[in-house]
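K.L.:
Given chain W, work out where chain S should sit, using these hints.
First to last, the protein sequences are chains W and S.
Under this note's numbering, read the first sequence as residues 1 to 356, first letter to last.
Under this note's numbering, read the second sequence as residues 1 to 149, first letter to last.
Because the hints were derived from the structure by calculation, they are not lab data.
Idealized CB from N, CA, C, for every residue including glycine.
Careful, some of the hints might be misleading.
[Unchecked claim] Examples of chain W residues lying across from chain S (beta carbon under 8 Å, computed):
| hint | residue |
| --- | --- |
| 1 | SER288 |
| 2 | ALA290 |
| 3 | LEU293 |
| 4 | ARG294 |
| 5 | ALA297 |
| 6 | PRO298 |
| 7 | ARG313 |
| 8 | ALA316 |
[Said to hold, decoys possible] Residues from chain S shown here face chain W by an in silico Cβ test under 7 Å; the list is partial:
| hint | residue |
| --- | --- |
| 9 | ILE14 |
| 10 | GLU16 |
| 11 | ILE18 |
| 12 | ASP19 |
| 13 | GLU21 |
| 14 | MET23 |
| 15 | ILE25 |
| 16 | GLY30 |
| 17 | TYR32 |
[Stated by the list, open to error] Residues from chain W that keep clear of chain S, each with C-beta distances beyond 12 Å, as calculated:
| hint | residue |
| --- | --- |
| 18 | PRO26 |
| 19 | LEU84 |
| 20 | GLY160 |
| 21 | ASP256 |
| 22 | ASP332 |
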Amino acid sequence: MIDPTLARDVLRELVVELERAAREYPVTTRRYRFAGVSVAAHIGARGNAHNLLRAIEPLASPDDTEPAALSLFVWDGLGDGVALPESPVLRREDAPEAGLGGYSGPSLRAFYQPNAGVLSLYDSAHGRAHWWLRDVATTPYYEFAAPFKHVLQWWIAEQGGALLHSAAVGLDGNGILIAGPSGSGKSSTALACVDAGFEFASDDYVLIDARHPPRAHLAYATAKVLRSSLSRHAQYQQHFGNLARDDEKPMLFIQDVAPGRVGAPLALKAIVLPTVMHRVTTRFVPISPAEMLRALAPSSIMLFPLAGNAAFRRMADLCRELPCWRAELADDPADVASAMRGLLAASPPVGAHAAR
Amino acid sequence: MDTQRFELNSPNVIGEVIDGEVMIIDLVGGTYFSLAGTSAAAWPMLSTGVPVAAIVDAVSQSCSTDKATIAEELAVFVEALRGESILRPVDPQSVPAAAFPPLPAATYTGFTVARYDDMRALLVVDPVHEVGDFGWPQAPGSTPPRSTE
Numbered sequence: 001m002i003d004p005t006l007a008r009d010v011l012r013e014l015v016v017e018l019e020r021a022a023r024e025y026p027v028t029t030r031r032y033r034f035a036g037v038s039v040a041a042h043i044g045a046r047g048n049a050h051n052l053l054r055a056i057e058p059l060a061s062p063d064d065t066e067p068a069a070l071s072l073f074v075w076d077g078l079g080d081g082v083a084l085p086e087s088p089v090l091r092r093e094d095a096p097e098a099g100l101g102g103y104s105g106p107s108l109r110a111f112y113q114p115n116a117g118v119l120s121l122y123d124s125a126h127g128r129a130h131w132w133l134r135d136v137a138t139t140p141y142y143e144f145a146a147p148f149k150h151v152l153q154w155w156i157a158e159q160g161g162a163l164l165h166s167a168a169v170g171l172d173g174n175g176i177l178i179a180g181p182s183g184s185g186k187s188s189t190a191l192a193c194v195d196a197g198f199e200f201a202s203d204d205y206v207l208i209d210a211r212h213p214p215r216a217h218l219a220y221a222t223a224k225v226l227r228s229s230l231s232r233h234a235q236y237q238q239h240f241g242n243l244a245r246d247d248e249k250p251m252l253f254i255q256d257v258a259p260g261r262v263g264a265p266l267a268l269k270a271i272v273l274p275t276v277m278h279r280v281t282t283r284f285v286p287i288s289p290a291e292m293l294r295a296l297a298p299s300s301i302m303l304f305p306l307a308g309n310a311a312f313r314r315m316a317d318l319c320r321e322l323p324c325w326r327a328e329l330a331d332d333p334a335d336v337a338s339a340m341r342g343l344l345a346a347s348p349p350v351g352a353h354a355a356r
Numbered sequence: 001m002d003t004q005r006f007e008l009n010s011p012n013v014i015g016e017v018i019d020g021e022v023m024i025i026d027l028v029g030g031t032y033f034s035l036a037g038t039s040a041a042a043w044p045m046l047s048t049g050v051p052v053a054a055i056v057d058a059v060s061q062s063c064s065t066d067k068a069t070i071a072e073e074l075a076v077f078v079e080a081l082r083g084e085s086i087l088r089p090v091d092p093q094s095v096p097a098a099a100f101p102p103l104p105a106a107t108y109t110g111f112t113v114a115r116y117d118d119m120r121a122l123l124v125v126d127p128v129h130e131v132g133d134f135g136w137p138q139a140p141g142s143t144p145p146r147s148t149e
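Isolated chain W, as found in the complex (with noise of 0.2 Å):
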């Protein structure tokens, strides 16, 4: 085991470092808002980064002029030439036995994946952010399908709201959480949506903010589908990636299939936890708050182990606010997106629901 206070100063010879790289390395900057609020990405600019953030393109805000809350350094390690200082605790082979792994302490979160080479390191005093990549040429896929998640979901659980594990549709502004555990029937269920002409807020992650009743806002405009449930999704083949690995699950770009449908926040209306039943027809029972929040919460706070209490409260609150339904899933895409347009229409305001 790590000594803790090996941990912390490792972490103040990392920001060291970083910090150096963001004041003598050259970046481009391009502004993107997240759950509404502005965000520095500066990008290094002799690396290959920028290739990267597909996912957050719909949220891209280019001629924003208001100071940004979170300033992002986005480092390709090996094409920026920004290596990390040599350390026992940040070697691939001590990891994750010896090395850095999670760390929290008062001001700065840091989280170290050995093996895919990436740190998140989250400075939240200053509201500084780096996302480095030892090699952008060997980043794992799901690094593309989510970038900097970590780092998003410290700031995000600093505003009040928290980064689900869940997917999140809607139609004309109003929206329903997805929630369960992977292949649950999460991706599917968004995506049969999406061809339906729903709007698109998440298939895997989503922002929730802090207001009530709550929002949910884009984090990450990527669909990933078990490979065995593609043929669900033959419209779509041409834009699926991965295909060629049986290690990864086939990917899209939701703005390449549904444009135009991707990035507005959705007021939340109620929150399903889909169950593949292989029915005719889908139907929504409903379930307690309770029952809910264990599907719910588990893969949200072990998926980012350091989100804490107060992103365990906020899903908690999701629960007792929004009705709360078991989706039992019809085989049959379209039938699915209907049952989800019915029960959008007939879900009361949320405020009428928590009153009861």
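P.N.:
Below, chain S alone, put in the same frame as chain W:
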């Protein structure tokens, strides 16, 4: 046991009461738990340093059940939660918890905890979520991350 007091083993463990149930997540072990009925009713007191004897009294009044039965079953329950590292003893010198209002009348259901460890298995089979690739969530048998906050 009577004068012993316990609290939630935070920050490694987090808990939330919702709709009469309690959900507890062990961030280190990767497991989660739920409490219902009498267990859930007693949880706010048990996890915030109320003496065990006071909890026995409160449950006995709420459920009209004899104190000896409650004390015996509560002791087993506490040991189970300590064994899962959900609870830890409170320093006897610390200030006792504020008084709780009486528990509402309810049927005594005994003290039980439901344990779920399916999440780690789900993560292990899902390479999208990077299991085994970094410090956390770890592959089974490896060392958990540290939180120093």
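K.L.:
Indicate, hint by hint, whether the structure satisfies it.
P.N.:
Quick rundown of the hints versus the structure:
no.	hint	result
1	SER288	holds (5 Å)
2	ALA290	holds (4 Å)
3	LEU293	holds (5 Å)
4	ARG294	holds (6 Å)
5	ALA297	holds (7 Å)
6	PRO298	holds (5 Å)
7	ARG313	holds (6 Å)
8	ALA316	holds (5 Å)
9	ILE14	holds (5 Å)
10	GLU16	holds (5 Å)
11	ILE18	holds (5 Å)
12	ASP19	holds (4 Å)
13	GLU21	holds (4 Å)
14	MET23	holds (5 Å)
15	ILE25	holds (5 Å)
16	GLY30	holds (6 Å)
17	TYR32	holds (5 Å)
18	PRO26	holds (29 Å)
19	LEU84	holds (15 Å)
20	GLY160	holds (16 Å)
21	ASP256	holds (19 Å)
22	ASP332	holds (26 Å)
Going through the hint list in order, the structure satisfies each hint without exception.
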